[in-house]
Amino acid sequence: MLKIENLHAEIDGKEILKGLSLEVNAGEVHAIMGPNGAGKSTLGYVLGGRPGYEVTSGSVTFDGVDLLELEAHERAAAGVFLGFQYPVEIPGVSNVQFLREALNAQRATRDEKALSGGEFLKLARGQADLLGMDYDMLKRPVNVGFSGGEKKRNEMVQMGIVNPKFAILDETDSGLDIDALRVVGDGINRIMRAPDKAVLLITHYQRLLDYVEPDFVHVLADGRIVRSGGKELAQQLESEGYVGIAA
Amino acid sequence: MAAVMELPSTREESWRWGDPAAIAAAAGLPRGEAPAGAWFLELEGARAVFVDGVLDEGRSDLRHVAIAPLEGGTHVLGARTTGHGWSLRVEAHASAELIQIVHIATGGENHVPAEIVLADGAQASVVETYVGTGWSNRSTRMTLGAGAKLARAVRLLQTAGFVSVRDEADVGAEASLIVTMLGAGDAGTRIDGAITVSGDDAFAEYGGALLARRDQRQECALSVRHAALNGQSKQIWRAVAADTSTASLAARVEVARDAQKTDGVQSLRGLLLKRTATVNLKPELEIFADDVKCAHGATVGELDQRALFYMQSRGIPHAKAQALLTRAFVGDAFAQIADETVRDAFVADADAWLEAAL
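Protein chains in written order, with the UniProt record's numbering: chain A, 1 to 247; chain B, 1 to 358.
Note that these hints are calculated values from the structure, not bench results. Hints should not be assumed to be uniformly reliable.
To be verified - Simulated pairs of lysine-lysine, DSS-like, Cα-Cα distance not exceeding 30 Å:
| # | chain 1 | residue 1 | chain 2 | residue 2 |
| --- | --- | --- | --- | --- |
| 1 | B | 320 | A | 165 |
| 2 | B | 320 | A | 113 |
| 3 | B | 234 | A | 139 |
| 4 | A | 151 | A | 139 |
| 5 | A | 139 | A | 165 |
| 6 | A | 122 | A | 14 |
| 7 | B | 320 | A | 122 |
| 8 | B | 234 | B | 261 |
| 9 | A | 122 | A | 139 |
| 10 | B | 320 | A | 197 |
| 11 | B | 274 | A | 14 |
| 12 | B | 234 | B | 149 |
| 13 | A | 3 | A | 139 |
| 14 | B | 282 | B | 234 |
| 15 | A | 3 | A | 18 |
| 16 | A | 151 | A | 122 |
| 17 | B | 320 | A | 151 |
| 18 | A | 197 | A | 151 |
| 19 | A | 231 | A | 18 |
| 20 | A | 139 | B | 320 |
| 21 | A | 231 | A | 151 |
| 22 | B | 293 | B | 149 |
| 23 | B | 274 | B | 234 |
| 24 | A | 18 | A | 197 |
It should be emphasised that the depicted structure is a prediction, and the values quoted were computed from it without experimental measurement.
Construct the entire structure; sequences and hints are all you get.
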């Protein structure tokens, strides 16, 4: 589904990704772990198409399409979802309006018919219920006044509504208490665990992986993947730290 | 050319961002066809159509609005309106039906005075829409008796030329004045407001949004003067400038020595959609009383890049994301419009502008 080959990327002339290669197939969950500054969030942003991140060499294909050639919104329409480490507050735009615009814009890019107001509300209400989010929060401005946990829960509601093929979740577990972690973990499994879908989980800690069991774990250090293994690698990292393993 | 010579000079402080040359140019536009369109909102009430400053009786249903000789006052542009204009006078404790006035300009210059006089406890609501081309010059004198309520919403939608609006208001005790302006056409715009809160416990709100694009210049010069006890006022203005346009706001709150317990709010915010555009803000507070609250803020910035990317990452194209964020930015300025149909019309006008400008 996703194939990254020898990816080099920089911000403001500083190289962050230094030859990263990774292949993710449908039905798989991959976890990317690594120390601060390794390039984990940069990888997420490069895949999402954030302005300011320049790819200097290498390639990324998604379902055979050159992902790097697509605008950010086209990547979303193609089925890529980027869950933010710090979801952005948007005063004056309600969650409902934002999500309806997003979903219908994606559908328009794919030449699909827009959902009516009623159809959309039914879908949004259902996803909010499944993630234990009060429906009234959908009427509030996007993420404004939300706690850290509520913002992450909102990311999952958004993911449930747009129903992507491939999700890059950047530290979705940060700022969550144990109950919220379980809700978010269940959400990821419910929305993304399917034979035709895949997930790239970017995380610092093993605890999210207790809920969302990865098929592969990769250690990212200094801009490239230095070690790959099964879920036991995450446990090894938790007990031994990055120092020995990433060296 | 004599008329051009009498226009104000940018050497005057209150005209420093003004564009008198654009007024002269607008006045010189040749007369043409009247634009077609359904300019009235779907609301019951009195209707008046002025074509190049002259009442079109066939398309008007004046009801309690009268046409009368009126003085344009002493303001440099307002003074030119002296002549026949429209007059709304509402008796004590009576409520006037909604009044809609459409000003259609086809070129050249036209000048119309107006007065709205509400006796004690009277209520009225007025919506004005400007369309067409040429120089449309207006002065409106509003007098609110004790406990009177006036809501006035003005849509400046001329496609070319210039619209200058001079408003003067006197707000009596416990009265409420709410004026909302929207500049969303392609004409040059000058709004001059002089509001006096003259009775105790009165409320005056005068705000709106100026949306400028291409090489357009829109500006508002406003003063709200508190001359009585316990007065409240709000000036909520949003200026959006695209391309190489300029949007300017000079807004003043004056609090006289005796106007204790005044509660004033002034919020001037500018948004640059391009770095080649200009927003000028000049907030002024002149306070002589010692027991007053005057909250004020003035900021100019660009759209939040993080929010833009967040929206794009959810599938919303860049231009649409800009439009949603800009609409949210402007929305604050329409919040005080009580009538849903009127508020929706303002939002639709702003959306149409965004669609064209982004």
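Checked hints:
| no. | hint | result |
| --- | --- | --- |
| 1 | 320/B x 165/A | holds, 24 Å |
| 2 | 320/B x 113/A | holds, 18 Å |
| 3 | 234/B x 139/A | holds, 27 Å |
| 4 | 151/A x 139/A | holds, 14 Å |
| 5 | 139/A x 165/A | holds, 27 Å |
| 6 | 122/A x 14/A | violated, 46 Å |
| 7 | 320/B x 122/A | holds, 24 Å |
| 8 | 234/B x 261/B | holds, 15 Å |
| 9 | 122/A x 139/A | holds, 14 Å |
| 10 | 320/B x 197/A | holds, 28 Å |
| 11 | 274/B x 14/A | holds, 28 Å |
| 12 | 234/B x 149/B | holds, 16 Å |
| 13 | 3/A x 139/A | violated, 38 Å |
| 14 | 282/B x 234/B | holds, 16 Å |
| 15 | 3/A x 18/A | holds, 16 Å |
| 16 | 151/A x 122/A | holds, 21 Å |
| 17 | 320/B x 151/A | holds, 23 Å |
| 18 | 197/A x 151/A | holds, 24 Å |
| 19 | 231/A x 18/A | holds, 25 Å |
| 20 | 139/A x 320/B | holds, 20 Å |
| 21 | 231/A x 151/A | holds, 28 Å |
| 22 | 293/B x 149/B | holds, 24 Å |
| 23 | 274/B x 234/B | holds, 29 Å |
| 24 | 18/A x 197/A | holds, 27 Å |
Checked against the numbered hints listed earlier, the structure breaks hints 6, 13; every other hint is satisfied.
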